[in-house]
Structures are given as structure tokens and as C-alpha cells.
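Visitor: Residues 0 to 432 in numbering that gives the first Met the number 0 are what the sequence shown spells out, letter by letter.
No wet-lab data here; the hints were simulated from the structure.
Each residue gets a CB set at the ideal place from its N, CA and C atoms; glycine is no exception.
It is possible that part of the hints are untrue.
Said to hold, decoys possible - Label-pair ranges, simulated between beta-carbon atoms: (1) Tyr11 / Gln269: 41 to 51 Å; (2) Gln168 / Arg239: 44 to 54 Å; (3) Tyr103 / Ile64: 19 to 29 Å.
To be verified - In the DSS-like style, the derived pairs of lysine-lysine whose C-alpha atoms are separated by at most 30 Å in a straight line are: (4) Lys233 / Lys78; (5) Lys360 / Lys301; (6) Lys301 / Lys226; (7) Lys78 / Lys226; (8) Lys360 / Lys226; (9) Lys12 / Lys416; (10) Lys78 / Lys416; (11) Lys226 / Lys12; (12) Lys233 / Lys360; (13) Lys416 / Lys301; (14) Lys12 / Lys78; (15) Lys233 / Lys12.
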Amino acid sequence: MEAEESVRRNPYKDGPFWGICIGHAFTHWYPASMYILLPYIIIAYDFSIIQAGLLLTIKSVVNAILGMPIGALTDMTRKKNVLLALSLVLVGLPFLFIGFVEEYWLFALLFIVMGFGNQFWHPASYSTLSARFPGQRGLTFGYHAMASNLGDMVAPIVVGALIVIYSWQEIIFWNFAPGALFGMFILIALRKMNVDTSSKHVNVKAESEVASGISIHSEADHTNALKNYLQGLKQLFRNRSVLLIAVLSGIRAMAQSGIMILLPLYLALQIGLNALWVGITLAVLQGGGLIAAPIVGTLSDKAGPRRILTVTMIITSVMIVIVSFIRNDWILIGTIAVLGFFLYAIRPVLQAWAMESTDEKMAGTTTSLLFTIQAIMGSSSPIIGTYLAQTFSYSVAFYFLAIVILAGNLVLPLIPKSHQDIMKSKKSIAKPA
Numbered sequence: 000m001e002a003e004e005s006v007r008r009n010p011y012k013d014g015p016f017w018g019i020c021i022g023h024a025f026t027h028w029y030p031a032s033m034y035i036l037l038p039y040i041i042i043a044y045d046f047s048i049i050q051a052g053l054l055l056t057i058k059s060v061v062n063a064i065l066g067m068p069i070g071a072l073t074d075m076t077r078k079k080n081v082l083l084a085l086s087l088v089l090v091g092l093p094f095l096f097i098g099f100v101e102e103y104w105l106f107a108l109l110f111i112v113m114g115f116g117n118q119f120w121h122p123a124s125y126s127t128l129s130a131r132f133p134g135q136r137g138l139t140f141g142y143h144a145m146a147s148n149l150g151d152m153v154a155p156i157v158v159g160a161l162i163v164i165y166s167w168q169e170i171i172f173w174n175f176a177p178g179a180l181f182g183m184f185i186l187i188a189l190r191k192m193n194v195d196t197s198s199k200h201v202n203v204k205a206e207s208e209v210a211s212g213i214s215i216h217s218e219a220d221h222t223n224a225l226k227n228y229l230q231g232l233k234q235l236f237r238n239r240s241v242l243l244i245a246v247l248s249g250i251r252a253m254a255q256s257g258i259m260i261l262l263p264l265y266l267a268l269q270i271g272l273n274a275l276w277v278g279i280t281l282a283v284l285q286g287g288g289l290i291a292a293p294i295v296g297t298l299s300d301k302a303g304p305r306r307i308l309t310v311t312m313i314i315t316s317v318m319i320v321i322v323s324f325i326r327n328d329w330i331l332i333g334t335i336a337v338l339g340f341f342l343y344a345i346r347p348v349l350q351a352w353a354m355e356s357t358d359e360k361m362a363g364t365t366t367s368l369l370f371t372i373q374a375i376m377g378s379s380s381p382i383i384g385t386y387l388a389q390t391f392s393y394s395v396a397f398y399f400l401a402i403v404i405l406a407g408n409l410v411l412p413l414i415p416k417s418h419q420d421i422m423k424s425k426k427s428i429a430k431p432a
């Protein structure tokens, strides 16, 4: 009965679900703020665009190293709200100090701290949502992704507008406060979510026990936790579907990381747009993703991920190439909106597919595996892209990213088909008489 209640839980009326979504928006607000600040930081300190790309590469490499340990911690603890709150504090912390530093290595250190905060968020949030809404992962992950796009969309406009009025050093300090305050809210409001997600469904009784201060873990549970986790980890690394989905996610991350570093540099330094228009253009990119995430996530639940991913990766590749040819500002903005729709449509589909392909008790580690592979593969494109842009042209850098995302279609056929994939495919093909 409790399992059935969990399956039928309505996300639209679920407070913790919306709290996690809003928190996710804040974790993306900060990196999005940094992307629009980068052109002005490198001008102020005479950094090259390759050095700007290297900052993101360093952050991604460190994230890759930390990803799996954080996933393990997530799966072996029930205090998910603490991890979520810690994420929100860490991701905003660098903004207290960026205005003071001038040395390049200190900028790199602050980027690492920001990425560290991001890494804490995803295993805790995805494992919680996966256990709480087992039959609606595409939908809930779609809204979760949509929230990230909201943070990514609003931040460039706000920060860009403020840079036009003030200097970037003057507006950067206030940025820490919103995330830290919401982190405190998450810590308190989601304390009832501190349940063991290693079971197939979230146990409603366990939630009430947590609220009453009753421990839901026996001493034997703690004794066997590490052993059970290591057994699950061994099985995870034998799961061909999850590993290939992670590689596909890494390919998408390469394209996204490259676009997020190159686009603001291209708009500000090459085309010469002011900070507000750079912010608006980046917001339009994210706005496309904001619209796409729940739509495509729902389609994936019904039709399966394979067809969705094939179409979205091909169109994303084409749109990246088109961006490099356009010189009219308004047409460029419209093209970037379409690019954002298809680029960000890929993300929730892959995340939901990975959760469907793994054991529930390994959801946190599976999420970390996804984001670790993303960090490893995504770390290459900022430095390669900025090198190509500085050595040759921005167009050559965009062509490189287009080829990368198109290559994802070579990985897709290698992912084994599950029974669930086949049933979804049959349902999508079947026509009413």
C-alpha cells in the first residue's frame, strides 16, 4: 500500500519536489553569472581566451575526481537535505572573494569551489526524485532540468544589466546571499526527506519516523552499508547500458561546455555586444531549454529515449554550424533560441534513461557516474574550443562542437535495448484503428 502511494504521488502537489527544483535553479544561477562575467574579467586582468577556457577545464577535472566519492557519500547517508544545503552554500561562496583576487591561480581555485558545490547537488537531488517518483522520472527530471534552465536564463539578464550600470566588481558580492539563504531553507524544509533511498520506493512510514526523530537505520544496517554499496558498485560498472549512457552524456557535456564558454566571448569580444545584450542572448539560449525540458522529458516517458535523442542531437549539430554564419543580431538570437531548445532537451532524457537502467539503491552513485564522465569529457572542450578560436577563428571552434554532438549518434546504437525500451517503441508506433 505504501509503495502504491509512492508511485501515485503527484509531483505538482509535492512541496519537496518544488523545493528541490528551486534549489537547482540557484545552483545554476552562479555558473551562469560567471559565464557572462568572464569576458570582462579577462579584459580587466589581461587574460587570454585560452586562459578563460582553462579555468573551466580545471574546474571540470577536479569535479571528475570528486564526483564518485560524493556519489558514494550520497548513497550511504540519509541526510540528503544537508548535502543539498551544503551545495547551495559552496556554489555561491566564490562570489564573496572574486572581486578581491588578481592572481590567475586564485581564480582557478574559486572555480574549483564552485564546481564542488555543483557536484554535491545532483546525486542527492536525482536519487531523491528517482525514489520518490519511480514512474515519472522523465517528467520530474524534466522539471528539475527546467529549473536549472531558469537559473541559467535569469542570471545573465540580471548580471548583464547590472554590469551596464555598475562595474562587475561592484555587483559581484551580493550574489552569494540568495543561494545561502535558500540553502538554510532547504536544510529545514526538506528534513523529512532524510530517508533511505536504497529501497525501491520511498517509505512513507520512514518519513514520519524521521519527522518524529526516530532512527530508521539499525546498527546492522550501518554495519552492512559499505559492503552492500561495494557490491552495488561492482554491478554498476558491469552495466553496459549505464556506462554508454554516461559516455553519451559526456558527449553532450562537451558540446554544452564549449558553447557556454565560447558564446559569451564571441558575442562580447568578436561581435561587440554590450553586457546586457550578451546576457539577453545567453538567456534566450537557456529559455529554449526551459521550454524543452518538460516537453521532451514527457515524450521520452511515452516513446522512449532513442528516437528523441537521435533527432535532438542532429538538430543541435546543425544549429551550432548555423550560428557561426549569422551576422544579423535578431536572426542570431532566434537561432540561438532553437539551439538551446534542442541542446538542453537531451539532458533530462539521458538522466531519466540512466535511472531506469540502474538499481534504485545505486541511484546517487549512478548520477555521480554520469556527472563524473560529463566532467571528464566536458573538461576538454573549453580549452580546445578557446584554442581553436584564438589560433584560427570562432567559426572553426563552433564546427568542432557541431562534430562532437553529432558523434553521439554513433554511441546510441551500442546501448542495449531493454524490455521497457521495446514496449515504449511499440506504443509510439501503434496507431488507433
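Visitor: All the hints need checking, so say for each whether the structure fits it.
Guide: Results of checking the hints against the structure:
Evaluation of the 41 to 51 Å hint for Tyr11 and Gln269 yields a pass: the beta carbon distance comes to about 43 Å. Checked against the hint of 44 to 54 Å, the C-beta distance between Gln168 and Arg239 comes to roughly 50 Å, which is consistent with it. Separated by about 21 Å at the C-beta atoms, Tyr103 and Ile64 satisfy the suggested range of 19 to 29 Å. Pair hint Lys233 plus Lys78 holds up; C-alpha atoms about 24 Å apart against a cutoff of 30 Å.
Of the pairs offered as hints, the one joining Lys360 and Lys301 holds, with about 25 Å between alpha carbons and a cut-off of 30 Å not exceeded. The straight-line distance between the Cα atoms of Lys301 and Lys226 is roughly 37 Å, outside the 30 Å bound, and the hint therefore fails. Note on Lys78 and Lys226: the hinted pairing holds, with a Cα-Cα distance of about 20 Å set against a maximum of 30 Å. Taken as a hint, the Lys360 and Lys226 pair is honoured in the structure, with Cα atoms around 13 Å apart against an allowance of 30 Å.
Between Lys12 and Lys416, the direct Cα distance comes to roughly 34 Å. Violation of the 30 Å bound is thereby established for this hinted pair. For a cut-off of 30 Å, the pair hint linking Lys78 to Lys416 is broken: about 35 Å separates their Cα positions. For the given pair, Lys226 sits about 37 Å from Lys12 by alpha-carbon distance, which is inconsistent with the 30 Å threshold. A C-alpha spacing of about 13 Å is found between Lys233 and Lys360, which places the hinted pair at or below 30 Å, so the restraint holds.
A distance of roughly 16 Å separates the Cα atoms of Lys416 and Lys301; the hinted pair therefore holds under the 30 Å criterion. Distance check on the hinted pair: Lys12 and Lys78 sit about 23 Å apart at the alpha-carbon level, within 30 Å; holds. In summary, the hint linking Lys233 to Lys12 is not supported, as the alpha carbons are separated by about 37 Å, beyond the 30 Å threshold.
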